[in-house]
Every structure is written in structure tokens, then in C-alpha cells.
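Take these sequences, add in the hints, and give me the full structure.
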Amino acid sequence: MTTVNSETARYIKPSKLLMVRRFLAEMPITAWIGLIVIFINLFVVLTAQWIAPYSETEFPTEVWAPPSAENWLGGDQLGRDMLTRILYGAQTTITIAFIATLLSFTMGIIAGFTAAVVGGFIDTLLSRIVDALMAIPTLILALVVISVLGTEIYVLIGVIAVLDSTRVFRLSRAIAMDVAVMEYVEAARLRGERLWWIMTREVLPNTVMPLIAEFGLRFAFAFLFIASLSFLGLGIQPPLADWGGMVRENASAIIYGIAAPLYPAAAIAALAVGVNLLVDYILARQNRSVAAAFDGV
Amino acid sequence: MLTLIGRRLALGILTLLVVSVIIFAGTEILPGDVATAILGQSATPENTAAIREQLGLNRPPYERYFEWLVGFVQGDLGTSLGNRRPIAPQVGFRFENTMLLAAMAACIAVPLSIGLGLISAIKQGTIFDRAISVTSLMAISVPEFFIGYLLIMFISVKLGWLPSLSNVNDRMDFGERITVMALPAITLTLVTLAHMMRMTRAAVISVMNSPYIEMAELKGVRYWRIVIQHALPNVLSPIITVVVLNLAYLVVGVVVVEVVFTYPGMGQFMVDSVSKRDVPVVQATGLIFAMTYVLLNMMADISSILANPRLRHPK
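Chains A and B supply the protein sequences, listed in that same order. Per the numbering used here, the very first residue in the first sequence carries number 265; after that it's consecutive. Per the numbering used here, the very first residue in the second sequence carries number 29; after that it's consecutive.
Keep in mind that the hints were calculated from the coordinates and are not lab data. Some clues are possibly wrong.
[Claimed, not checked] For the chain A half of the interface with chain B, some residues (derived, Cβ under 10 angstroms), not all of them:
1. Ile400
2. Thr402
3. Ile404
4. Leu407
5. Leu498
6. Gly508
7. Arg512
8. Tyr520
9. Gly521
10. Leu526
11. Ala536
12. Asn540
[As the list claims (entries may be wrong)] Derived CB-CB ranges, DEER-like:
13. A:Gln501 x B:Thr290: 15 to 23 angstroms
14. B:Ala131 x A:Glu450: 49 to 57 angstroms
15. B:Asn75 x A:Glu416: 18 to 26 angstroms
16. B:Pro261 x A:Glu416: 51 to 59 angstroms
17. A:Thr370 x B:Phe94: 33 to 41 angstroms
18. B:Glu74 x A:Met398: 36 to 44 angstroms
19. B:Gly34 x A:Met398: 21 to 29 angstroms
20. B:Gly153 x A:Trp314: 43 to 51 angstroms
21. A:Leu366 x B:Pro89: 31 to 39 angstroms
This one's a predicted model, so the numbers in the text were calculated from it and none came from an experiment. Don't be surprised by glycine CBs; every beta carbon is placed ideally from N, CA and C.
Below, the structure written as C-alpha cells:
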């Protein structure tokens with residue numbers, strides 16, 4: 265949208281395909297790495313059952329066996345194939361983080377847009393609740409809640425989603441505040457449109473790009489958070505394979521110079537870095553397009 | 029300025045109160061019941077009732093909240109459910125250990141990150157600058173335990189320079205303590221370094237681009253004089269804020285790092301208590317962590333008021 269030259273811009277709106285092509289064409293090498301890492305992870309999540317060399321319950325090797333032709337990453341603390349566990353672990357960890365992010369986004373955006381559009385008492389109330397929750401470090405609050413509710417998966421998803429939604433709330437409220445004062449929103453209000461209609465048809469389409477970037481950041485946060493909780497033994501519980509838990513279970517191998525806990529930890533690090541590299545590009549692009557818009561004035 | 033600081037102090041105290049309510053309520057209002065949580069599988073109506081009686085859970089929550097808070101302020105943190113001993117002496121030395129570790133990390137991280145941030149701001153756009161920016165983006169997104177285990181693998185197992193476990197105890201002298209704490213402190217440094225450095229760089233660049241610096245340059249003032257005398261006073265305020273905010277982060281980041289290195293600090297104590305469902309200990313340690321965090325945040329705001337020349341000399 266930004267780089268279309270001003271002659272044609274007046275007459276045709278660039279097609280979606282064109283925009284995607286431009287987005288890819290201008291992408292620096294770091295963002296490509298990020299995108300590729302994300303796609304590899306996505307592929308693994310969808311196909312783990314078929315590409316894993318062994319089944320999840322098999323014990324094909326020795327405890328902490330070194331990497332070999334049969335077991336590319338060696339064995340884990342029970343003699344299971346490390347690679348197989350990592351592939352299955354991707355499914356658990358990434359799926360849970362993704363669901364938590366979706367949930368936190370739904371909650372955060374609905375609350376944030378409502379606060380911005382309705383204003384008044386509702387806005388003050390929601391904003392103060394969010395302020396209070398954000399005054400406490402996320403991990404500490406999560407630990408307090410988990411000590412009472414336990415480590416069931418729906419509890420973990422709920423805790424992460426609520427804590428994460430505070431940031432989504434702030435962002436979407438701020439964005440919607442900017443949009444809510446625009447003439448076309450005012451026009452819709454005067455036409456007598458309903459709140460839901462205004463939010464979904466007038467406010468949302470104009471806030472998509474910053475929200476996509478935020479989705480990436482929130483996913484990275486939720487993903488690292490669930491991995492950290494599992495690493496502390498307070499997240500996803502065995503026998504379910506998950507990356508944070510695998511680091512914990514294999515941790516004692518490290519003092520013998522065995523790299524077992526480093527593989528799942530590296531998988532976590534790679535995905536988190538990948539998402540951040542891509543988001544960095546989206547944000548930089550957005551800043552550029554804002555700057556370009558101002559240059560044009 | 030005094031009114032500003034006074035207002036911030038009042039807000040800080042209010043925040044502390046709200047935080048204590050949330051932490052107390054977090055273990056009270058939630059659908060899970062503490063008594064059932066403690067007993068787990070062996071919960072029968074009779075012994076659940078007995079536990080509730082013993083913990084005083086039959087009295088109204090607000091009464092127990094005030095009792096808990098007043099006790100906390102007086103240094104009485106209640107009694108652990110696990111070993112039925114008072115919590116305060118168990119938390120005491122662990123709190124010291126945690127603060128010691130955080131302080132050690134801060135002593136390395138703060139000067140290093142400000143220095144690197146300054147250099148990369150002055151060398152803006154060079155390869156050095158870009159390398160630092162990509163590395164720091166990576167360091168921000170990598171989990172603490174990955175850095176921790178990498179350091180253990182290479183520095184303590186392969187090279188044998190530093191011990192991998194950090195079991196500090198009272199019999200160690202200062203030198204031994206420092207050696208044992210070195211790896212966790214380095215891990216924490218690496219985790220916070222990147223963020224502080226990026227913020228320092230951004231703050232310096234934004235000030236160096238302002239018109240009054242250009243004016244000084246055009247007057248022919250020497251470069252380092254511009255940086256130190258003209259730019260630094262205005263950069264100080266954002267840098268101080270970033271540093272204190274990162275100290276706040278450090279205090280929480282310590283939880284995971286303590287577990288990696290089995291360092292006997294408050295973070296590990298809290299994690300253990302969560303898995304044992306020792307709710308009074310979780311409440312006490314949680315409140316201490318949250319309080320430290322809130323206080324540091326307040327200090328960040330107040331010191332940035334103090335460091336800001338425009339607020340220090342009102343018209």
C-alpha cells in the first residue's frame with residue numbers, strides 16, 4: 265500500500281497477492297530465517313506422527329546414548345529417542361502456547377475495544393484492573409495461582425491467557441482510541457450502528473497490522489512462559505512430551521558433558537528467536553510506512 | 029518536584045496494598061480449595077474440615093487478610109504447612125542469597141551495558157552496531173535456562189573453569205562464594221544486558237539528534253565534551269529508568285536461574301513450595317518478590333524525576 269506510486273494509487277487498490285509479494289521481496293535475510301524457522305516448526309506440529317522415526321512409547325536405545333545413525337540426537341533419560349520426543353514435544357508446547365495466545369487475544373481485544381469505544385466507567389474499571397495485574401511480575405502471579413489450582417492443562421492455558429491479555433488490552437485500547445475518534449466511526453455511531461458492528465467492521469480492519477505484530481510477540485511470550493513453567497516442573501506434566509519439561513528431565517546429564525538437555529532448549533530458543541526476527545521486520549516496515557505517509561504530506 | 033515525588037510515593041504504597049490483596053485473593057477466591065489442595069487424593073470431608081479449622085479458613089477472608097498483612101509487616105510470615113515451622117527464618121537467609129546474586133549480576137551488567145550502548149550509539153550504522161543489535165535481539169528471546177546450560181556445558185564441564193552447582197553455605201569465605209556464584213551471575217547478566225544496551229543506545233541516539241547538540245557541534249565544541257557535558261545530563265534520566273527496571277526484572281529472572289544452578293535462594297524455595305502446595309510459603313515469598321518489584325519500579329520513577337534537569341530546576 266505504501267510504495268504504490270501516487271499516480272496509480274488513486275485508481276486501483278493493490279491486490280492482496282501483490283502486497284504479499286512485495287512484503288516478501290523486501291524481506292531482509294534475518295526475517296527470512298525467522299519465516300523458515302516458523303514454517304519448519306509448523307510442519308513438525310502438523311506431521312510429527314508421520315515423520316518421527318520411532319513411536320512415542322518406544323525405548324529403542326540406552327539412557328543418554330550418544331547421537332548415532334539410528335538415533336540422530338541420542339537417547340533421553342529413559343532411553344527414548346530424543347529426536348522423536350522433540351518432534352512430539354513440538355506438538356504439545358506449540359499447540360498449548362498457540363491456544364493460550366488466541367484466547368488472550370480474543371479477551372484482550374474485546375476488552376480493549378470495548379473500553380475504547382464505550383469509555384467512561386467501564387474504561388476506568390478495566391484499565392485499573394489491568395494496571396493492578398501488571399504491577400505484579402507475571403511469573404510470580406502465575407506461581408501463586410498454580411499453587412492453588414494445580415497444573416492441569418486448561419489451568420495453564422487460562423493463567424497464561426489472562427496474564428498475557430493485559431498487554432493485548434493496553435495495545436488494542438490505545439489503537440482503538442486513535443481509530444475511535446475518526447470521522448467514519450463517528451458516522452457509523454450517528455447512523456445508529458450497534459457496538460459490535462462498529463468494532464468488527466470499522467475499528468478492526470484499521471488495526472490489523474499492529475495487531476499481527478503483537479500476535480507474534482505475544483505468542484513468543486506465551487511459548488517461552490509455558491516452557492519456563494514446565495522447566496520449573498509446574499507446567500505440562502509427564503508423560504506428555506514437551507520441550508520445557510524435557511530440559512528439566514534431562515538436566516542432570518549436563519554435568520557428565522552430555523548435551524541431552526541442550527537439544528530441547530535449543531529448539532525453544534530457535535522458535536523464539538525466529539518469531540522475534542520476523543516480528544522485528546514487520547514492525548520496522550510499519551514504522552517505515554508511517555514515516556513515508558508523513559513524508560508525503 | 030517534591031509534590032511529584034510525594035504523589036509517586038503515595039501511588040507506590042497504594043500499589044503495594046493492591047498487590048498484597050491480589051496475592052492473598054489469588055489463593056482465596058479462586059475455585060480451588062486450599063484444604064483439598066493440601067490433602068490431594070486423601071481428602072475426605074472429615075480431614076478437609078480439620079485442616080480448614082487448623083488454618084482458620086472458617087473465619088471471613090477479610091479478617092484473615094488483615095491478620096496476615098499485619099503479621100507480614102511485623103516480620104511474622106506465618107507457618108509453613110510442609111514442616112510446620114515459622115516461615116520467616118527459612119526465608120531470611122534465602123532472601124539474602126537472592127539479593128546477593130541479583131546485586132552481583134547488576135554490578136557486571138549495568139556498567140557493561142551502558143558502555144556498549146554508548147559505543148554502539150556513537151558508531152551508529154557500522155558493522156559493530158549492527159552486530160550488537162542482532163545479537164541483542166537474539167539474547168532477548170532466548171530462555172534463561174538455555175543460556176545457563178550452555179554456560180555449564182562449556183565453561184564448567186568442558187573447560188573446568190567454574191563449578192556448575194552453586195551450593196553456597198555459611199562456611200564459605202567471600203572468595204569461594206564469588207566463584208560459586210559466578211555462573212548464575214553471568215547468566216543473569218547475559219539475559220538483562222541486551223535490553224539495557226538497546227535502551228541506552230536509543231536514548232543516546234535520540235538526544236544526539238536534537239537541535240541543541242547540533243548547535244554545540246556548529247559552535248565547534250569538542251566531540252567528547254558534547255557527549256559528556258551536553259548530552260549526558262539529558263540521557264541520564266532514561267538510562268537510570270532502564271537500569272532500575274532491569275533490576276526489577278533481574279529479581280524475577282532469578283527464579284529460573286536459581287533452579288538451573290540449584291542456588292539456595294528465595295526463587296527455588298518458592299518453586300519448591302508451589303509443587304508441594306505449601307500455600308502460606310507461596311504467599312509470603314510471592315509477596316516479597318512482588319514488593320521488591322514494585323519498590324524498584326517506584327525507585328525508577330523517582331530517580332528519573334531526580335535526574336531530569338527540567339524537573340530539578342522548575343521555572
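Evaluation of the provided hints:
1. Ile400: This hint holds: A:Ile400 lies near chain B, its Cβ roughly 5 angstroms from the closest one there, short of 10 angstroms.
2. Thr402: The hint holds - A:Thr402 has a Cβ within 10 angstroms of chain B, the shortest such distance being about 8 angstroms.
3. Ile404: With Cβ-Cβ at 5 angstroms, under 10 angstroms, it holds.
4. Leu407: Holds. Min distance 5 angstroms.
5. Leu498: Hint holds; A:Leu498 Cβ to chain B Cβ min 6 angstroms, cut 10 angstroms.
6. Gly508: Holds: closest Cβ of chain B sits about 8 angstroms from A:Gly508, inside 10 angstroms.
7. Arg512: With a minimum Cβ separation of about 9 angstroms from chain B (threshold 10 angstroms), the hint on A:Arg512 holds.
8. Tyr520: holds (8 angstroms)
9. Gly521: Since chain B brings a Cβ to about 5 angstroms from A:Gly521, closer than 10 angstroms, the hint holds.
10. Leu526: For A:Leu526, the interface hint holds, since the closest Cβ of chain B sits about 6 angstroms away, which is under 10 angstroms.
11. Ala536: holds (4 angstroms)
12. Asn540: OK, holds: A:Asn540 within 10 angstroms of chain B, min 4 angstroms.
13. A:Gln501 x B:Thr290: 15 to 23 angstroms: Because 21 angstroms falls inside the window, the suggested range holds.
14. B:Ala131 x A:Glu450: 49 to 57 angstroms: About 54 angstroms separates the Cβ atoms of B:Ala131 and A:Glu450, which means 49 to 57 angstroms holds.
15. B:Asn75 x A:Glu416: 18 to 26 angstroms: holds (23 angstroms)
16. B:Pro261 x A:Glu416: 51 to 59 angstroms: Roughly 54 angstroms apart at Cβ, these two residues keep to the hinted range, so it holds.
17. A:Thr370 x B:Phe94: 33 to 41 angstroms: About 37 angstroms separates the Cβ atoms of A:Thr370 and B:Phe94, which means 33 to 41 angstroms holds.
18. B:Glu74 x A:Met398: 36 to 44 angstroms: holds (42 angstroms)
19. B:Gly34 x A:Met398: 21 to 29 angstroms: holds (23 angstroms)
20. B:Gly153 x A:Trp314: 43 to 51 angstroms: holds (47 angstroms)
21. A:Leu366 x B:Pro89: 31 to 39 angstroms: With Cβ atoms ~34 angstroms apart, the hint holds.
Checked against the numbered hints above, the structure violates none of them.
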